Structure formats: C-alpha cells, structure tokens
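Everything in the sequence shown is counted per my numbering, starting at 100 for the first residue and increasing by one.
FYI, nobody ran anything at the bench for these hints, they're computed from the structure. Since the structure is predicted, the reported quantities are computational estimates derived from the model, not experimental observations. Check before you lean on any hint, since a few could be wrong.
[Stated by the list, open to error] 20 angstroms max Cα-Cα, derived EDC-like pairs, lysine to aspartate or glutamate:
| no. | residue 1 | residue 2 |
| --- | --- | --- |
| 1 | Lys137 | Asp104 |
| 2 | Lys135 | Asp104 |
| 3 | Lys135 | Glu110 |
| 4 | Lys137 | Glu110 |
| 5 | Lys135 | Asp123 |
| 6 | Lys137 | Glu119 |
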Amino acid sequence: EGQPDIFVHMETLRRTAIAELQPDTWVYVRFGDGPKGKMAAEVRLTLEGGPAHTN
C-alpha cells in the first residue's frame, strides 16, 4: 500500500521459474516505463522478507 503499482507479465516470472506472486511477497524488481505505466523487466525473490538494504 502507498507504493505505485508495477505490471508483471507472466512471462517475466516464468523466465526466473516463479510460478506466481502472492500478496506481501518481497521481490527485487528491475522495471521501466511501459505503454500503460511501470512494467517489470526482471523479478527475483528475496532471501529475506522486507525491503532490501545496501551497505
């Protein structure tokens, strides 16, 4: 909630062997602008829940 939506095409998930995304699943997403808004180019599951941090 409170974050912009990003469209994830099923083929994007299949390329990384993700069968489906459930609500509240944390993922890393590389995205760009699609014809109707933000669109995922790459999706990877995180190893831990919660936002990623860089050191």
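Checked hints:
1. At most 20 angstroms may separate the alpha-carbon atoms for a hinted pair to count; Lys137 and Asp104 meet this at roughly 7 angstroms.
2. A C-alpha spacing of about 11 angstroms is found between Lys135 and Asp104, which places the hinted pair at or below 20 angstroms, so the restraint holds.
3. This hinted pair checks out: Lys135 and Glu110 have alpha carbons roughly 17 angstroms apart, not beyond 20 angstroms.
4. Only pairs whose Cα atoms come within 20 angstroms are accepted, and Lys137 paired with Glu110 is accepted, the gap being roughly 16 angstroms.
5. Distance check on the hinted pair: Lys135 and Asp123 sit about 23 angstroms apart at the alpha-carbon level, beyond 20 angstroms; violated.
6. Simply put, Lys137 and Glu119 have alpha-carbon atoms about 19 angstroms apart, close enough for the 20 angstroms limit, and the pair holds.
Hint compliance for this structure: hint 5 alone is broken.
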